[in-house]
Every structure is written in structure tokens, then in C-alpha cells.
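J.: Residue numbers (my numbering), protein chains in the order written: chain A, 1 to 199; chain B, 200 to 665.
Errors might be hidden in some of the hints.
In silico EDC-like cross-links for lysine to aspartate or glutamate, where the CA-CA straight-line distance does not exceed 20 angstroms [unchecked claim]:
(1) B:Lys494 / A:Glu179
(2) A:Lys170 / B:Glu431
(3) A:Lys197 / A:Glu179
(4) A:Lys61 / A:Glu50
(5) B:Lys494 / A:Glu65
(6) B:Lys494 / A:Asp135
(7) B:Lys433 / B:Glu421
(8) A:Lys57 / A:Asp135
(9) B:Lys560 / A:Asp135
(10) A:Lys97 / B:Asp288
(11) A:Lys69 / B:Glu489
(12) A:Lys170 / A:Glu106
(13) B:Lys228 / B:Glu202
(14) A:Lys197 / A:Asp101
(15) A:Lys69 / B:Asp377
(16) A:Lys69 / A:Glu179
(17) A:Lys69 / B:Glu202
(18) B:Lys654 / B:Glu431
(19) A:Lys116 / A:Glu179
(20) B:Lys494 / A:Glu60
(21) A:Lys136 / A:Asp188
(22) A:Lys116 / A:Asp171
(23) A:Lys170 / A:Glu60
(24) A:Lys97 / A:Glu179
(25) B:Lys241 / B:Asp563
(26) B:Lys560 / A:Asp171
(27) A:Lys170 / B:Asp390
(28) B:Lys560 / B:Asp517
(29) B:Lys433 / B:Glu232
(30) A:Lys97 / B:Asp563
(31) A:Lys69 / A:Glu195
(32) A:Lys69 / A:Asp147
(33) B:Lys435 / B:Glu421
(34) B:Lys433 / B:Asp288
Derived DEER-like restraints, expressed as beta-carbon distance ranges [what the hints assert, rightly or not]:
(35) A:Arg34 / B:Ala343: 19 to 29 angstroms
(36) A:Glu106 / B:Ala528: 35 to 45 angstroms
(37) A:Arg98 / B:Leu529: 23 to 33 angstroms
(38) A:Pro182 / B:Glu328: 51 to 61 angstroms
(39) A:Leu90 / B:Gly605: 35 to 45 angstroms
(40) A:Ala25 / B:Phe581: 27 to 37 angstroms
Calculated directly from the structure, the hints in this document are not laboratory data. The beta carbon of each residue, even a glycine, is placed where N, CA and C say it ideally should be.
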Amino acid sequence: MIDQKIDGAKRTWIIASGCAGAVGAGFLAVPFVRSFEPSERARAAGAPVEVDISGIKPGEKLTVEWRGKPVWIVRRTPEQIAELPKNDPLLADPLSKRNADELTPEYARNEVRSRKPEYLVVVGICTHLGCSPGDKFTPGPQPSLPDNWPGGFLCPCHGSTFDMAGRVFKDKPAPDNLEVPPYMYLSDSRIVIGEDKRA
Amino acid sequence: MAEMQTAPAGAGSGRRLLTWIDNRFPLSKLFNEHMAQYYAPKNFNVWYVFGSLALLVLVNQLLTGIFLTMHYKPDAAKAFESVEYIMRDVPWGWLVRYMHSTGASAFFIVVYLHMWRGLIYGSYRRPRELVWLFGCAIFLCLMAEAFMGYLLPWGQMSYWGAQVIVNLFSAVPFVGPDLALLIRGDYVVGDATLNRFFSFHVIAIPLVLLGLVVAHIIALHEVGSNNPDGVEIKEKKGADGHPLDGIPFHPYYTVHDIYGVSVFLFIFSAILFFAPEGGGYFLEFNNFIEANPLKTPAHIAPVWYFTPFYSMLRATTDLMVNALCIVVALAAVAAILRGGFRAGAKVAIALVALIAVYLLKTFDAKFWGVVIMGGAVLILFFLPWLDHSPVKSIRYRPSWHRIVYGVFLIFFLALGYLGSQPPSPAGNYISQLGTLVYFGFFLLMPWWSRMGVFKPVPDRVTFNAH
Chain A
1 MIDQKIDGAK
11 RTWIIASGCA
21 GAVGAGFLAV
31 PFVRSFEPSE
41 RARAAGAPVE
51 VDISGIKPGE
61 KLTVEWRGKP
71 VWIVRRTPEQ
81 IAELPKNDPL
91 LADPLSKRNA
101 DELTPEYARN
111 EVRSRKPEYL
121 VVVGICTHLG
131 CSPGDKFTPG
141 PQPSLPDNWP
151 GGFLCPCHGS
161 TFDMAGRVFK
171 DKPAPDNLEV
181 PPYMYLSDSR
191 IVIGEDKRA
Chain B
200 MAEMQTAPAG
210 AGSGRRLLTW
220 IDNRFPLSKL
230 FNEHMAQYYA
240 PKNFNVWYVF
250 GSLALLVLVN
260 QLLTGIFLTM
270 HYKPDAAKAF
280 ESVEYIMRDV
290 PWGWLVRYMH
300 STGASAFFIV
310 VYLHMWRGLI
320 YGSYRRPREL
330 VWLFGCAIFL
340 CLMAEAFMGY
350 LLPWGQMSYW
360 GAQVIVNLFS
370 AVPFVGPDLA
380 LLIRGDYVVG
390 DATLNRFFSF
400 HVIAIPLVLL
410 GLVVAHIIAL
420 HEVGSNNPDG
430 VEIKEKKGAD
440 GHPLDGIPFH
450 PYYTVHDIYG
460 VSVFLFIFSA
470 ILFFAPEGGG
480 YFLEFNNFIE
490 ANPLKTPAHI
500 APVWYFTPFY
510 SMLRATTDLM
520 VNALCIVVAL
530 AAVAAILRGG
540 FRAGAKVAIA
550 LVALIAVYLL
560 KTFDAKFWGV
570 VIMGGAVLIL
580 FFLPWLDHSP
590 VKSIRYRPSW
600 HRIVYGVFLI
610 FFLALGYLGS
620 QPPSPAGNYI
630 SQLGTLVYFG
640 FFLLMPWWSR
650 MGVFKPVPDR
660 VTFNAH
């Protein structure tokens, strides 16, 4: 074997056909990887949802499903609204400036993060790892929460806390405030979630 | 090709059949190489039973899994119901299902003990690096297998556990959200996710797992087993060419392992029949409620075998990132002041440290949590090159090394416990300390593993006949 001469031309062809084969395999992989993407049916789902909010009492929350996710509509009490500005020093992003284009529509870039101060509309999915936080509307000391708890939401998974405007507190795993979905009022008692402008 | 052999005259039909096969397939050769003439050290202790037990549990999982697949429906609308159907209506279905779900926990108990054995006796050291690497890859596959399998019953914990873990990938900068979408196959965990996890769980990963197990055993049998003394038995061979301290795996260790299997099955059966849910640790109670995408259970935690890593994920807050920045800075200062590097290398170290701190502060703590959690598993792969101790086994290391291993173990268990509990401020601080201890144990190993007075290693293994 040792004293056999290497046929350079043959080796070149072997390398060339090996490379051609690798390129072919790469192309072949495309349909398999693409098949992991959401199907056309999954893409088509997700129409806007209309909700009647007249039945929500002050301090209550209504959960509706939009694109498979929970959307909360909370009717805040005047005390809860008055409490919001006091939280600012404790919050990571009180003015909702981070990732504002994805998380906060222009009409919600304010202290109350909503179109009308009374009604908060947010996607009830923690921006950390996608759990749905629980309601902790009662202020004051309680398990898993700080003693100066002003009322808000607690994510059971990793302990992120949010105030009554869905704004995340400092030094918590969640980096961002809760997402405000596009929504608009059809009348004083009806809102539509999933679109914010009618053509 | 080997010459055709003929059975001796007057041989029985069994012998003639074996000769016929051996002429066409290396049956006797394989049996001898891996069993009857595979020489293993004679001083194995109880720690050495867990490899065989892992194989036993693997067979249990494959067998029960095949039977579960006959009744299970991988459809978000039917999955939960079909598991209940298996539990209530399929004859003996409850037993097969509990064997599979309890078997998963048994698998991790056995594998964790197997890894701990390797850690204390230095079984990952030269020439067994590849045995260790294949083993780590098996551990990774097992984690993937367990995680995807846990989605299949489509309970609340299945759903929200998958939601959390898939969202981990979305923390990766730039490509994260698309990656998570590609894994889920939908904008939320749904039918598409369940179906593909089923495919991975029942065929893709088991195939890889089996290949890795074969590679693990072939590599082990190539280099030979380590032992509690960390002495290479191949260095002292008798006139027959076999290691003086070695005994054939069959019959000595087959019988030894059958004894271990009996004890294991005693315990396994007791759990299987009397506490198949393991007090909520093996099968979480919330998983007996069907998945509800609108409501996360009040307390969600992964199954116990993931909790140490989950704790590290949870511990990575902004405070922890700041602590990591300080650690990186201190390490750089120490390397520049004390390390014997050239001036150019010192500048490079300072630069790397600066970039590290910059990146730590630039990306979210969420992303670093994922890095920490992944790193905690991946760091195991580097163990053979982190340990610089002149001896393999803990028996001949300085006595204080035992304390280091002990502290590591205690923090690992503490992380595991805290990961199963709801988040609390005190628990979070302990988890952060535990995370630093876990990584410190490995990353500082090149230094501490060399320090202290080592005891003389004997030429031959220590063994008392009984």
C-alpha cells in the first residue's frame, strides 16, 4: 500500500463528488426542517375576539382566549389606579420603553398601560418563560411576596411579580412588562382584541 | 475470512449448531469478548451495580413504552383521555403505565448514582475519557427523552412544563423566538407540539440513545473498567496474559449483578405497587388535571430529576448576573496578578473579561439563566480535562477533598430540593450560592484537585476475600 502512488486526479474527483453530495444533502434537509414550522392551518387561526366587558365589577378580572393565549381584562378600582405611580421606583421599566414595538402599542405607553385607566388589557403570559401569573390583588405581606406588596400579579413558576398595570418589578427573572395586545373599544361596553384600527 | 471449523466428532446437536453459527456470525467471539473473557477488576463494590441496573431500566422503559404506544393517542384532544383509558380500561394497563412512569424516575436515580460513582473514583480519567463523554451524551438524551415524554399525558404539568422549557429557547438572542416557534410548530404549545414530541420520544431519541449505549459499552470494554482504587489492572498481567487482579465478567459479575438486580427490583416493586406517584415527586398531582392553556397551576415545578438545574435557572436574576460580573473580574485579576502568563496573554485575559462583563450586562438575566442551566449539564463533558489530581480515586486523595465533594453533593441536593418548592427570597439566595458552588467545584478543579498531600496508591487493588 505504502509505495502505491496517489492518483491525484482520482482524489480530486472523489473530493468533488463528496462535496456535491454534501450540498445535495443540505438541500434535502430543507423540506424536513421547514416541516417543523407552523402549518398553514396554525397560521390561519387567530382571528380577533370581541368581548363584552359590562359585567366586570371593579377589582375583578375576566380571562378570554386569543390566539391560544389568555388575555386578561381587569377593571381597576380608583385606589388601584392611584397606587400605580407610587410603584415607579420599584419597577424595572415603569414607562414601558423596552421592546415597546412588540409589547406596548402607542396608546398604552402611559402610567396605566391602557386606553382607559379603568380597564387593563394584557396578555396573561409572563415574559420570562411563558407561565400565566396568578392574581395577587390584595396589598400587604403574604407568602412569596414582599411586605410592601402593592397588589398585582405573581408568576408561580419563577416568582416574577407585576403591578396592577402589568409592569414587572426590579430584580425578577422576567425582563419585560406584560404584553398589551392590540385592542380597541367598539363601544363603552365592548372591546375587540386582536386589532386596533378599523379600515 | 476465518477457516470453516468443524464440531468435534460425536458432539451434541447444540454444539454442532453453535459451530454452524460461529462459522457465519461471531457469536462465541462476541460473548467471550464482552462477557466470559472480559476481565473486570475483582474489587468492585456496591457502586458498580448501577451500570447494569441502568441497562435493566432501559429495557423496562423500551418494553413498557412499546405497549403504551399501542393504546395512547398523540392528539391534544384525546391524549389525556387515552392515558386515563390506559389506567382504567386497558387490562393491566395501569401496571404498564406505572412501570413506565416510575421507571423514568428509577432511571434517573440509577444514572445519578452511576455518575457519582464515576466522579468519586475518577472513572472519567485517561484512558476512559470517551466512556465518560458517551455517558454524558446518554444523560443529555435521557433528559430530552424524559422532558418530551412528560408532555404526552397532556396534564397541567405536562403543558406548563413544556411551555417553560420551550420558551427557554426564545431567550437566545436574535434567533430565539423563531427557534421556539420551530420547536412548538405553533404559536403556543399545542397539538403540533404534542405530535412531534411523541415522534421524538418513541423513535428518534431512543434510536440515538441505544447507539450511544452501545458506544459507551464498546469504549468501556476497549479500555477496561476502573475500580474503587483507581489502579490500572492491565499493568500487572499474569503468565496467561490476563490481568492478575481481573476476573471474568461472566460468571463472576453476572451473578454479582443479578443479586443487585434482585435488591433493586424489591425496592422498585415496593414503590411501583405502594407509591407509584412517589408522593407527588415521580408523577406530580397537578398532572392528573387536563392541560388548560389559560391557567397555570399555582405551583409549577419540573419532575425531581430536573430540579437542581431548574433551581439554577431560577436563581439567575439581575443580582446573580452582577455577582457573576464580580466573579469574572476577580478571576481576571487573579489570573493577571498570580498566573504565570506572558504580558500579551494578560492583556488578552483582561480583554476577554471585559467582553464577558459587557455581554453579561447587555443580554437579559433570562438568557443567562438558560446559559447557566445548559452550562451546568455541558460542564460535565469537560470533567476529564478539569481534574488534574495525580490520583484517580477519592481513596488516595487528601482527606479534605472528601469535604469538597461533600459540600458539592449537599448543595446539589439543596438545589434539587429548592427547585421543587415555590420560589422564596431565602431559597433564592441559597440557590444562588448553590449555583456558584456547583460551578466553582468544576471550574476551580484544575487548581484544587492538585492541592494537598496525596496518599500512596498501591500497585495492586485492595481486596479482602469474603
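J.: It remains to establish, for every hint, whether it holds in the given structure.
T.: Status of the hints after comparison with the structure:
1. Restraint check for Lys494 (chain B) and Glu179 (chain A): satisfied, since their Cα atoms lie roughly 17 angstroms apart, inside the 20 angstroms limit.
2. Distance check on the hinted pair: Lys170 (chain A) and Glu431 (chain B) sit about 55 angstroms apart at the alpha-carbon level, beyond 20 angstroms; violated.
3. Distance restraint check for Lys197 (chain A) and Glu179 (chain A): the Cα-Cα separation of roughly 18 angstroms lies within the 20 angstroms cut-off, and the hinted pair is therefore satisfied.
4. Taking the CA atoms of Lys61 (chain A) and Glu50 (chain A), the gap is about 16 angstroms. The hint holds against a cut of 20 angstroms.
5. At roughly 11 angstroms between alpha-carbon atoms, Lys494 (chain B) and Glu65 (chain A) fall within 20 angstroms of each other, so this suggested pair holds.
6. A distance of roughly 11 angstroms separates the Cα atoms of Lys494 (chain B) and Asp135 (chain A); the hinted pair therefore holds under the 20 angstroms criterion.
7. With a C-alpha separation of about 12 angstroms, the suggested pairing of Lys433 (chain B) with Glu421 (chain B) holds against the 20 angstroms cut-off.
8. Only pairs whose Cα atoms come within 20 angstroms are accepted, and Lys57 (chain A) paired with Asp135 (chain A) is accepted, the gap being roughly 15 angstroms.
9. Taking the CA atoms of Lys560 (chain B) and Asp135 (chain A), the gap is about 31 angstroms. The hint is violated against a cut of 20 angstroms.
10. Taking the CA atoms of Lys97 (chain A) and Asp288 (chain B), the gap is near 55 angstroms; set against the 20 angstroms cutoff, the hint is violated.
11. Restraint check: the Cα-Cα separation between Lys69 (chain A) and Glu489 (chain B) comes to about 16 angstroms, which is no more than 20 angstroms; the hinted pair holds.
12. Our distance criterion of 20 angstroms between C-alpha atoms is broken by Lys170 (chain A) and Glu106 (chain A), whose separation comes to about 23 angstroms.
13. For the given pair, Lys228 (chain B) sits about 14 angstroms from Glu202 (chain B) by alpha-carbon distance, which is consistent with the 20 angstroms threshold.
14. Of the pairs offered as hints, the one joining Lys197 (chain A) and Asp101 (chain A) holds, with about 16 angstroms between alpha carbons and a cut-off of 20 angstroms not exceeded.
15. Proposed proximity of Lys69 (chain A) and Asp377 (chain B) is supported: the alpha carbons are some 18 angstroms apart, at most 20 angstroms.
16. Distance check on the hinted pair: Lys69 (chain A) and Glu179 (chain A) sit about 11 angstroms apart at the alpha-carbon level, within 20 angstroms; holds.
17. Restraint check: the Cα-Cα separation between Lys69 (chain A) and Glu202 (chain B) comes to about 70 angstroms, which exceeds 20 angstroms; the hinted pair is violated.
18. Of the pairs offered as hints, the one joining Lys654 (chain B) and Glu431 (chain B) holds, with about 17 angstroms between alpha carbons and a cut-off of 20 angstroms not exceeded.
19. Pair hint Lys116 (chain A) plus Glu179 (chain A) holds up; C-alpha atoms about 16 angstroms apart against a cutoff of 20 angstroms.
20. Pair hint Lys494 (chain B) plus Glu60 (chain A) holds up; C-alpha atoms about 16 angstroms apart against a cutoff of 20 angstroms.
21. At most 20 angstroms may separate the alpha-carbon atoms for a hinted pair to count; Lys136 (chain A) and Asp188 (chain A) exceed this at roughly 27 angstroms.
22. Of the pairs offered as hints, the one joining Lys116 (chain A) and Asp171 (chain A) is violated, with about 29 angstroms between alpha carbons and a cut-off of 20 angstroms exceeded.
23. The suggested pairing of Lys170 (chain A) with Glu60 (chain A) is violated, with an alpha-carbon distance near 26 angstroms, which exceeds 20 angstroms.
24. With a C-alpha separation of about 12 angstroms, the suggested pairing of Lys97 (chain A) with Glu179 (chain A) holds against the 20 angstroms cut-off.
25. Simply put, Lys241 (chain B) and Asp563 (chain B) have alpha-carbon atoms about 53 angstroms apart, too far for the 20 angstroms limit, and the pair is violated.
26. Taking the CA atoms of Lys560 (chain B) and Asp171 (chain A), the gap is about 13 angstroms. The hint holds against a cut of 20 angstroms.
27. A threshold of 20 angstroms between alpha carbons decides the hint, and for Lys170 (chain A) with Asp390 (chain B) the separation of about 36 angstroms lies outside it, so the pair is violated.
28. Straight-line distance between C-alpha atoms of Lys560 (chain B) and Asp517 (chain B) comes to about 9 angstroms, which keeps the hinted pair within the 20 angstroms bound.
29. Distance check on the hinted pair: Lys433 (chain B) and Glu232 (chain B) sit about 15 angstroms apart at the alpha-carbon level, within 20 angstroms; holds.
30. At roughly 15 angstroms between alpha-carbon atoms, Lys97 (chain A) and Asp563 (chain B) fall within 20 angstroms of each other, so this suggested pair holds.
31. Simply put, Lys69 (chain A) and Glu195 (chain A) have alpha-carbon atoms about 15 angstroms apart, close enough for the 20 angstroms limit, and the pair holds.
32. Among the hinted pairs, Lys69 (chain A) with Asp147 (chain A) is inconsistent with the structure: their alpha-carbon atoms are about 31 angstroms apart, more than 20 angstroms.
33. Restraint check for Lys435 (chain B) and Glu421 (chain B): the C-alpha separation of about 17 angstroms stays at or below 20 angstroms, so the hint holds.
34. A C-alpha spacing of about 56 angstroms is found between Lys433 (chain B) and Asp288 (chain B), which places the hinted pair above 20 angstroms, so the restraint is violated.
35. The hinted window of 19 to 29 angstroms between Arg34 (chain A) and Ala343 (chain B) holds, with their beta carbons roughly 22 angstroms apart.
36. Judged by the Cβ atoms, the range 35 to 45 angstroms given for Glu106 (chain A) and Ala528 (chain B) holds: they are separated by roughly 41 angstroms.
37. For Arg98 (chain A) and Leu529 (chain B), the hinted distance range of 23 to 33 angstroms is satisfied, since their beta carbons lie about 30 angstroms from each other.
38. About 55 angstroms separates the C-beta atoms of Pro182 (chain A) and Glu328 (chain B), a value consistent with the hinted range of 51 to 61 angstroms.
39. Distance hint for Leu90 (chain A) and Gly605 (chain B): a CB-CB separation of about 40 angstroms, consistent with the stated range 35 to 45 angstroms.
40. For Ala25 (chain A) paired with Phe581 (chain B), a C-beta distance near 31 angstroms keeps the hint of 27 to 37 angstroms intact.
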